[in-house]
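Based on the sequences and whatever the hints tell you, model everything.
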Amino acid sequence: MLPEWLTELYIQSKLRIYYKDNGLKVLKLWSKPASGKGDNWVGVMTRIHVDFQRSNENAVQKETYLLKEGCSKDAPQSKLFIDYEVYTREMDMYEFVLPKMSEILLEVGITDKMHANAICVDREHEIMILEDLAPLKYINADRVKQLDLSHAELTIDMLAKFHAAATVLKQRHPESMPPKLLVNYFSRDRDGYKRVFTGLFKALLRYVKSEPKLESRYYHKLERTLTNLMEYAARAHDVNDQDLQTLLHGDCWTTNIMFQYDSQGQPRSVVPIDFQFSVITSPVLDLHYFFSTSLQEDVRIRQLELVQRHYYALRQNLEKLNYKGNIPSLFEYQLEFQKRHFFAVFVSLVFQPFMVYQGEVLGEFVDFYENTPQAIKFQDSLYSTAKAHEIVAKMLPIFDAKGLLDDQ
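Just so we're aligned: the sequence shown equals residues 1 to 408 in UniProt numbering.
Where hints are given, some of them may not hold.
Said to hold, decoys possible - Distance condition first, Cα-Cα at most 20 Å in a straight line; then the derived SDA-like pairs of lysine to any residue:
1. K113 x E95
2. K100 x K324
3. K339 x K324
4. K137 x K79
5. K209 x E223
6. K137 x G265
7. K79 x G265
Said to hold, decoys possible - Computed spacing ranges between beta-carbons, pair by pair:
8. I139 x E297: 21 to 31 Å
9. R188 x K25: 45 to 55 Å
10. E297 x D400: 16 to 26 Å
11. A234 x D51: 44 to 54 Å
12. G23 x P328: 51 to 61 Å
13. L335 x Q358: 30 to 40 Å
14. W30 x P328: 45 to 55 Å
Think of the hints as simulated: they come from the structure by calculation, not from any bench. All figures in this text were calculated on a predicted structure; none of them were measured in a lab. No residue lacks a Cβ here, since even glycine has one placed at the ideal position from N, Cα and C.
The structure is reproduced here in structure tokens:
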């Protein structure tokens, strides 16, 4: 259901500005939910259907748009998202940052679609009305099956363009990058997410303790890791003046990227969506996040090659855009990826189990971290699936061999 104030006249006024047509007339407005239970912890998506006429046309134009609202202010997580400036961050991205990045890429003939267009960013009502990508045949890939090599390479190339444009924008117009973009999940001056992430990590510990082979090798190391979980992840995000810094998507996984396909069913273009957690830090963190959440196993084991692909594409785009800063060598970039590898531990073992979850126990956001019977049941269910068991059994030996489960 649309808010009472979001009327035909309201939409008409916004569409007149967007289409630069003061005679545009809205004839009909209706809506359908675009997100379901479990999809709206951060916000609510509603698909708006609008019939309208342009002033110079007799034909009725039928379009759909996506209304994006924050979660209810009564929701327990509302204060958390406000503290991390989730909503205003995404508004800034769609209204100011992303259009400027697209303009920079256009300077060198890169016309790739890098984001949905913002029809309206309304800070008074704390909503955005965005272009609906579905009519353009963009769809999400299967989050449980995850992505094959062709999807992965296309996404890595997109991220290289995204990172290059953001790097150049940051250099040319540093004022366009507001301070909120320096805030991440693990910023030391905020502790709101600590309860969420440690709650999930404790569920991992309960699962590991229930498996004798895992318990004997990993339980005590993971128990010590829990004590320093947020600090180790914060260190992975720390950058200095010598580091290559850019604006990251910040939440790049299968649900937040949409693909177009050719007639043979092969992906031919990709667009990122959802920029609530975009942050300025090292670009390799987008790679760690993407690799740890979204790749099929035969693709994930090729990380060195995928980092190399991203590096060469990033360097090529930076050179095209006449970037004036220092570009690391491939060797230095691979070291940078390894130096920040603890983030992969966190994402693989804490995020990925609920990203691929298909169980029957549905929870609210508070169930990620509360200590109630319902919350514990939900948390434990995330680690009860065959997919979660596979993730934990496969990744723990790798992380342990790299020394990432030892005291850092």
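Now the hints, each set against the structure:
1. About 16 Å separates the Cα atoms of K113 and E95, which keeps this hinted pair within 20 Å; it holds.
2. At most 20 Å may separate the alpha-carbon atoms for a hinted pair to count; K100 and K324 meet this at roughly 18 Å.
3. Between K339 and K324, the direct Cα distance comes to roughly 25 Å. Violation of the 20 Å bound is thereby established for this hinted pair.
4. For the hint linking K137 to K79, the alpha-carbon distance of about 36 Å lies beyond 20 Å, and the restraint is violated.
5. Of the supplied pair hints, the one linking K209 and E223 holds, its CA atoms being roughly 10 Å apart against a limit of 20 Å.
6. In summary, the hint linking K137 to G265 is supported, as the alpha carbons are separated by about 12 Å, within the 20 Å threshold.
7. The hinted pair formed by K79 and G265 fails the criterion: a straight-line CA distance of about 43 Å is larger than 20 Å.
8. About 23 Å separates the C-beta atoms of I139 and E297, a value consistent with the hinted range of 21 to 31 Å.
9. Between R188 and K25 the beta carbon distance is about 53 Å. The supplied range of 45 to 55 Å therefore holds.
10. Restraint check, E297 to D400: a C-beta distance of roughly 18 Å satisfies the suggested window 16 to 26 Å.
11. For the pair A234 and D51, the supplied restraint of 44 to 54 Å holds, since their beta-carbon distance comes to about 50 Å.
12. Taking the beta carbon of each, G23 and P328 are about 54 Å apart, inside 51 to 61 Å as hinted.
13. At roughly 37 Å, the beta carbons of L335 and Q358 sit within the given window of 30 to 40 Å.
14. Between W30 and P328, the C-beta spacing of about 52 Å keeps the proposed range 45 to 55 Å intact.
Comparing the model with each earlier hint shows violations of hints 3, 4 and 7; every other hint is respected.
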